[in-house]
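From first to last, the protein sequence lines stand for chains S and R. Residues in the first sequence are numbered from 1 upward in steps of one, following the numbering used here. Residues in the second sequence are numbered from 1 upward in steps of one, following the numbering used here.
Just so you know, these hints were derived from the structure itself, not from any lab. Errors might be hidden in some of the hints.
Note that the list lumps identical chains together, so a pair holds whenever it fits in one copy or between two copies.
Each computed SDA-like pair below joins lysine to any residue, with the alpha-carbon atoms no more than 20 Å apart [to be verified]:
1) 240 - 269
2) 106 - 302
3) 146 - 136
4) 106 - 90
5) 106 - 300
6) 106 - 304
7) 119 - 55
8) 119 - 12
Values in this document were obtained by computation on a predicted structure and should not be read as measured data.
Number of protein chains: 2
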Amino acid sequence: MARQRRRAIQGATIRDVAVRAGVSPMTVSRVINSGDNVRTETRKLVNSAIRELNYTPSPAARSLAGSVPYRIGLLYDNPSTGYLSEFLLGTLDESSRTGAQVLVEKCVETELAGATLGKLLRAGVDGLILPPPLCESAEVLAEIHKAGAAAVGVAPGHPSADMATIRIDNEAAARELTEHLLGLGHRRFGFIKGHPNQTVSEQRLNGFLAALAQAGIGRDAVRIEQGYFTYRSGLDAAEKILDDSAPIPTAIFAANDDMAAATAALAHRLGYDVPEDLSIVGFDDQPIAVAVWPALTTVHQPVAAMARAAVDLVMDEIRRMRTGIGAPRQLLHPYTLIVRESSGPAPQAQGLSSDPAPRPT
Amino acid sequence: MARQRRRAIQGATIRDVAVRAGVSPMTVSRVINSGDNVRTETRKLVNSAIRELNYTPSPAARSLAGSVPYRIGLLYDNPSTGYLSEFLLGTLDESSRTGAQVLVEKCVETELAGATLGKLLRAGVDGLILPPPLCESAEVLAEIHKAGAAAVGVAPGHPSADMATIRIDNEAAARELTEHLLGLGHRRFGFIKGHPNQTVSEQRLNGFLAALAQAGIGRDAVRIEQGYFTYRSGLDAAEKILDDSAPIPTAIFAANDDMAAATAALAHRLGYDVPEDLSIVGFDDQPIAVAVWPALTTVHQPVAAMARAAVDLVMDEIRRMRTGIGAPRQLLHPYTLIVRESSGPAPQAQGLSSDPAPRPT
DNA sequence: CGGCGCGATGTTTACGGTAACATGTCGCCA
DNA sequence: TGGCGACATGTTACCGTAAACATCGCGCCG
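The task is simple: from the sequences and hints, build the whole structure.
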């Protein structure tokens with residue numbers, strides 16, 4: 001009776017699907033999970049039954065039955081809220097799909113990471129997800145290693161022998177973005193570097209420089225300033241680049257969108273038109289990229305997808321740590337070049353000696 | 001064998017606790033869930049066993065066994081990323097604790113809410129969480145009602161007869177914040193309103209005006225401008241208030257932190273010192289409140305806690321819809337006045353006729 | 001003093017899925 | 001031609017918890 005009511009309310013179970021397809025529940029399970037050892041014909045049958053009944057596996061049951069009730073920790077420092085919210089969206093999505101239990105902890109200072117980490121480990125987490133910049137903290141990694149926990153680093157600079165990682169190819173992306181600017185005729189550049197505590201900062205710069213080198217453009221046509229990924233630091237760096245007495249660049253590459261947005265704001269204040277007088281490009285494609293005007297040309301980093309992958313990967317890692325076979329997996333996600341309004345053709349055809357853009361007081 | 005390994009790795013089960021306490025698993029379950037019909041002595045025994053074994057109920061098993069495998073939808077429009085990320089943190093936390101399955105969907109335009117909603121309902125969600133401003137969309141609410149789904153509105157203006165709500169007392173908070181300014185000697189004010197599509201905008205204004213009225217300050221000492229909760233709109237509104245030829249206010253109350261931050265930025269650009277020449281207060285205590293300088297005096301809204309409560313509440317609602325008894329619960333969360341550096345004593349002791357603050361070109 | 005009722009606890013079963021093992025069905029080679 | 005192995009599928013048991021029902025002990029009342 002009670003059972004009847006339950007069934008009526010919630011969706012189909014694997015058994016319903018099995019009956020519909022005329023097979024056993026186990027076969028359905030196989031179709032869903034791996035597809036190994038199932039005839040194509042049978043698989044089709046099952047798949048259509050799944051569609052007809054609008055069946056979704058229950059994550060709870062799944063995690064209960066699968067011998068591993070995964071408990072995973074998400075340790076974050078203080079990334080931009082734009083990054084964090086997208087990351088959490090992905091995490092929430094995947095964890096509720098898979099039934100993983102996620103414990104989230106913020107550690108305010110990298111120094112305190114050890115303590116927070118201990119707390120998570122004591123709470124019984126089997127694996128950890130480390131978004132940037134924590135994935136590059138040697139201290140944190142050592143602690144995790146000592147505790148024998150599984151770990152997944154998101155967006156570190158390099159693959160790692162000790163943990164699974166999920167990255168994009170920052171260098172290639174920066175190169176491609178720079179080539180986009182070169183294609184628009186730009187020859188004098190500004191570059192705002194990211195925080196030195198993250199390897200990606202360096203990689204983005206390297207990609208940028210590599211593209212310039214390939215185009216035969218020397219370092220003297222480039223003004224490089226230090227930034228720290230924050231809006232504020234972008235403003236400071238942009239000020240140095242634009243207040244220069246030397247001819248100002250026709251394009252500025254900021255190592256993330258926050259700094260690019262700051263650069264655009266400053267440019268406007270100084271009376272430059274973007275992209276008429278000055279092209280500006282960012283990196284990451286965070287919400288701010290379309291919140292400002294003109295919308296930023298940037299590189300899209302699939303943060304939500306990477307978060308989803310991180311959840312799956314950490315579960316893999318936990319399994320791997322238990323069986324002790326195999327090596328940590330290293331995933332490379334695709335990036336996308338997003339061309340919006342903040343980049344345009346270079347002003348006055350590639351003349352290096354012409355006057356700088358007008359500078360109203 | 002396999003079982004042995006599992007046990008060794010993961011935490012204690014309810015059975016372990018039962019054995020330790022010398023009772024049956026069911027008694028343990030009772031202690032944890034309600035505590036009804038259990039002798040105090042037995043309860044103590046069980047509780048200490050729980051502590052000793054560091055036992056935590058498995059959310060997966062719990063949601064599987066409890067006849068209700070809750071599937072809940074989180075439908076969001078485009079709140080600020082600061083709000084969203086904090087909200088998601090709370091949601092993730094609670095959903096993984098309780099084992100609820102959360103499906104997140106973004107609906108880009110309020111017009112499209114119907115379609116997105118339909119998608120969630122077809123996916124079998126039993127209840128919905130609606131952060132602002134969706135909780136006030138009549139269209140969305142009608143759709144939900146029609147589908148017979150449970151719903152929880154977060155931060156709507158008023159309690160509702162049709163759905164559970166979680167709010168803070170915006171009017172009282174605004175009043176308290178205004179009284180803080182009055183206490184500092186301010187007598188000429190600016191106010192930047194929030195988006196008219198949200199009732200809270202109105203309530204914050206009302207609280208502000210109520211405090212002024214109580215202090216005997218007339219409307220002529222107040223300059224009110226329309227804003228829309230965005231940084232950009234705050235900038236525009238602040239410009240109108242500060243560019244006035246009339247004596248500028250000594251304090252500006254912005255209906256949220258984004259707009260307050262914009263006001264502070266503009267004030268600096270115009271050469272005012274904050275809070276020396278001008279006090280600025282915001283609302284919500286979002287990340288931006290401490291990212292700017294000076295850090296904003298504001299009202300802290302416990303977003304993460306409200307999100308956690310929303311998850312619990314929607315599960316209650318689902319249960320309630322099924323049993324058909326009781327009325328939707330209306331929760332009121334506490335707010336906190338946070339005094340930081342952006343508010344200070346009014347310049348030149350409450351003289352109304354004195355010269356406006358210096359205005360460099 | 002016997003039965004009734006209630007509070008405290010135990011037992012059984014189900015939740016939805018998957019691992020491990022069992023079975024069945026071929027094709028291939030000695 | 002018989003047996004063996006690989007692949008396809010079914011069966012059984014169990015994951016950790018809570019609902020439903022069963023049981024037990026005890027006090028109270030007629």
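Hint check results:
no., hint, result
1, 240 - 269, "both (14 Å within a copy, 18 Å between copies)"
2, 106 - 302, "between (22 Å within a copy, 16 Å between copies)"
3, 146 - 136, "within (16 Å within a copy, 50 Å between copies)"
4, 106 - 90, "both (17 Å within a copy, 12 Å between copies)"
5, 106 - 300, "between (26 Å within a copy, 18 Å between copies)"
6, 106 - 304, "both (19 Å within a copy, 13 Å between copies)"
7, 119 - 55, "between (38 Å within a copy, 14 Å between copies)"
8, 119 - 12, "between (39 Å within a copy, 17 Å between copies)"
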